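Asker: Residue-level listing of the chains:
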Amino acid sequence: MHEFSLAQGLFNQLLQLADTHQAEKIVIVRVEIGRLSGIVVDSFSFGFEILARENELTRTAILDITVIEPDYSCLDCRTVYTPTKGDEGHCPQCGSAGYALTGGDDLILTQVEME
Amino acid sequence: MCDSCGCHIADDEKNTRIVDVHESLLAANTKQANENKHHFESMGAVAINLISSPGSGKTTLLEHTIQRLRNEFKIAVIEGDIETERDADRIRKQGAPAVQITTGGACHLDARLVHKGLHQLQHESEMEKFDIIFIENVGNLVCPATFDLGEHERIVLISVPEGSDKPAKYPKAFTSSQGFLITKVDLLPYFDFSLEEAESEALKLNPKLKILELSSTTEKGFEDWLDYLRQLVEK
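First to last, the protein sequences are chains A and B. Residue numbers are given in numbering that gives the first Met the number 0: position 21 of the first sequence equals residue 20, and the series is strictly consecutive. Residue numbers are given in numbering that gives the first Met the number 0: position 105 of the second sequence equals residue 104, and the series is strictly consecutive.
Just so you know, these hints were derived from the structure itself, not from any lab. The structure presented is a predicted model; accordingly, all values stated were derived computationally and were not measured. Where hints are given, some of them may not hold.
List of simulated lysine-lysine pairs, DSS-like, C-alpha gap at most 27 Å [as the list claims (entries may be wrong)]:
#1 K171/B <-> K203/B
#2 K73/B <-> K234/B
#3 K84/A <-> K171/B
#4 K219/B <-> K84/A
#5 K219/B <-> K203/B
#6 K168/B <-> K84/A
#7 K207/B <-> K171/B
#8 K203/B <-> K168/B
#9 K207/B <-> K84/A
#10 K171/B <-> K234/B
#11 K168/B <-> K115/B
#12 K115/B <-> K36/B
Please take these sequences and the hints and turn them into a complete structure.
Answerer: Next up, the structure:
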């Protein structure tokens, strides 16, 4: 449910950027959403679409979302790995089930293409 | 890209600009959260953010905690709810200052709301210094986990009737917390709740998590909880 207010934050930032760069149209908005950020990608896109439609500047803008996976680091042998599906939480090096997660918890506006 | 044929030749004519931003959209909240942390510290307080589903016993835990610690520490509570003053009233009855933040629909507290709550607390209680400020978040195991409020310690609660599968189902609440309380343990004989499952799943997500089992109404396990709070105050 907080996705809509986050989309609103993104939208405000886009309007500011367009103003700074004197753009007439936002073409592509690139965003990274961490898988552990607690942000639902579909809900965020939905919020963005509704807001984008309201403004001439963003009406045809494409929202390009990349989902960022967290890094798993094994607590026993310190290997950093990305788990394969179906075998989450087992180190491919030593098989240990203990891991710490880092990253993958943010929402980042990476790049904006405008005209 | 050219609208009619999709070629890239028209790019220059249209003066397409690519602007690299690389800014966190959660940054505004994080900035306010850092300011809140300084604010708590200037009041001499350790701030504790309690998150859980509705009905897992956050307010009851606070009532009993205040009863037990009121001669030892100055405690205040910032209550977050969608509607009503009820929780803040329950805290005030225990003799501790409480402010109620009603979010009017939002499913979580954010740093800006807590900032407002802090000023309200200082204004209404006419007190400058506290030992512990509890923030009782909106009952929700999902959204509050995303928002840093500037707290020193985040504690997640699961009550026995909710089931021991909750850590695995709501990982962010556990990866972002430092403490995990299993509440209503007096009900263990009546529910199919496995302490072993809840604790091992939670530790798998966050090996540093401090786990306590307690019942607020019978005060079983309460001494360990009060010691945990004493340690946080000493830090």
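Asker: The structure should be examined with respect to each hint, and the outcome stated for every one.
Answerer: Hint by hint, here is what the structure shows:
{"no.": "1", "hint": "K171/B <-> K203/B", "result": "holds, 12 Å"}
{"no.": "2", "hint": "K73/B <-> K234/B", "result": "holds, 16 Å"}
{"no.": "3", "hint": "K84/A <-> K171/B", "result": "holds, 19 Å"}
{"no.": "4", "hint": "K219/B <-> K84/A", "result": "violated, 41 Å"}
{"no.": "5", "hint": "K219/B <-> K203/B", "result": "holds, 26 Å"}
{"no.": "6", "hint": "K168/B <-> K84/A", "result": "holds, 17 Å"}
{"no.": "7", "hint": "K207/B <-> K171/B", "result": "holds, 14 Å"}
{"no.": "8", "hint": "K203/B <-> K168/B", "result": "holds, 13 Å"}
{"no.": "9", "hint": "K207/B <-> K84/A", "result": "holds, 25 Å"}
{"no.": "10", "hint": "K171/B <-> K234/B", "result": "holds, 25 Å"}
{"no.": "11", "hint": "K168/B <-> K115/B", "result": "violated, 32 Å"}
{"no.": "12", "hint": "K115/B <-> K36/B", "result": "holds, 13 Å"}
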